[in-house]
Amino acid sequence: MKAEKINKLTDVYGNSREVPLTYQTRPKVDDRFVNDITRDKHIVLHGGSKQGKTCLRKNHLTEEEYVLVQCTRDTSRSKLYELILKNANYQYEVSKSITTSGTNKITVNISAEGGIPLLTKAKGETEYEGTKERETSIFYKKLEIDPDDPNDLVRVLEESGFNKFIVIEDFHYLDEDVQKQFAFDLKVIHETSKFVFIIIGVWLETNRLLLYNGDLNGRLTNINVDKWPDEYLQMVINNGKPLLNIDFSEDVENEIIKISQDNVGLLQELCYRLCEQYEIWQTQDQSKTIGTVEQVRELAKEIADDQAGRYSIFLSKFSEGLSSTELEMYKWIMWTVVNASSDELRNGISQNTIFHRIKSEHPRASTLQQNNVNQALERVQNVQFKHKLQPLILDYSNSELSVVDVNFIVYLQTHSKEELLSKIGMNPSTAKDNWTGGI
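Take 16 as the starting number for the sequence shown in the working numbering and just add one per residue.
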C-alpha cells in the first residue's frame, strides 16, 4: 500500500536539531512541563545526555515565546546576562564606569519589546481633508547597568516590556562557582519580577540548584527528563514505522530497546542507522521488514566507535585527576567504572560501594580512608572541566557516581578490559572481573 505522505528518514528517526516526527510525550514529563510554565516558577529540566530535554522545550514552546542562551565552559556570570540581553535584541556597549567589583559597567539601549523603539506622546496633530496626521518621535532610552547584578537585568527587561521565557541551555558547562552565584540570583529575579527561567542541564540530581541555595525552595520546579521506560521507547519505534512504511521483527525491536539502556537518543540513532543500511531514506512505496539482531549489535559498536578517540582521551585524562597524588584516586575511580556493570553505571554506584571496591584492591589500602574517596568524588565535575572533557560523561549526584553519556557505556561494553585498563595506566592483572557487564 502506498503511503499518503512522503516523510524523510531524517525527520522520523535519528538525532537532529528539530523535534522528530517520532516524538513521544510522557505524562509525568510533558504534562508537568506544560503545567509548570504557567506557575511563575523557574523550571529546571535535567537528565542524561540525549534524553529529550531540548526536544521537550521545543515541542511545547514556539521560538517567539523564549530567548535562548547557550552556555559554554567560558561563560561567566556577567557574560551570561549580557548574552540574555544580546539574544533579546538589546543593543549595549561597554561603559567606562566601573562596578564595585572592579569590572566595567555596560550601557544598554532600551526599546519596547527589546527591539521596537519606545514612542513619545504625540507632539501635534494636523487635519488634512478629513484625515488626521500625528507627529511622533521615537527614542532609545539608555541605562547604565552592572552586568553582574540581577536587579539591573530585571530593570532593563521591565523597562521595555519584555515578556518571554529565558532558556539557559547546557547549564552544566558553567563553572560551579557561576552556577552557585546564579542560584542566588534566581531568588532575586523571582522576588522582583515575573520573569521565568528554564534551566537545562546534564545531571541526575533532582535538587542541585536547591543545594546551592535553599531559599529557592518553592520558587522553582525540577523535572527529571531522564526516565524512559521500555514501553515508551517501544512507542518511539512504533511511531516511526508507519511514517516510513517499514517494520522490524520483535527480536530486533527488543534488541534495540535493550542496547539503548533507557536512552531515547541512542534508540533514535540505532533506528536511523538500521534504515540507512537498507537505503531507506524516505517513506517506502511497499512495506518492508528490515534488520537483524546481529546488525543492531554491530551498529551499537559503530556508534560508540565514532567517539572512540574522545572516550580514549577521557579515560587517560580523567585518571590523571587534578594533580599528581600518592593515592591516585581518580585512576582508581575510573578503575571502578571500567569494572562496573552497565546497570550500575546507568543507575549510579554509591560512594560507599566505590570505597569498598577500591580498598579491596588498592596497594595502599591500609592508609585509604572513606573521606579520600568522598572528596575525590565531589570533584568529578572539576576534573572534567580542567581537562576540557566535555560533554560531561560522569556525574556525581545524590552521593552516587553515574554515567550520563550512554554511548560511553556501550564503548566500555564493546572493548576488552585489558585495553580499557591500559588506557588508564593500570596493569590488567590488577583488576578483578567481579563486576563486569556486557551487551
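Mixed in with the good hints, there may be bad ones.
Dumping the calculated DSSO-like pairs for lysine-lysine here, alpha-carbon to alpha-carbon at most 27 Å [as the list claims (entries may be wrong)]:
#, residue 1, residue 2
1, 94, 209
2, 332, 432
3, 23, 120
4, 332, 316
5, 94, 401
The hints are simulated quantities; they were obtained by calculation from the structure and are not laboratory data.
Evaluation of the provided hints:
no., hint, in the structure
1, 94 with 209, "holds, 22 Å"
2, 332 with 432, "holds, 18 Å"
3, 23 with 120, "violated, 50 Å"
4, 332 with 316, "holds, 23 Å"
5, 94 with 401, "holds, 20 Å"
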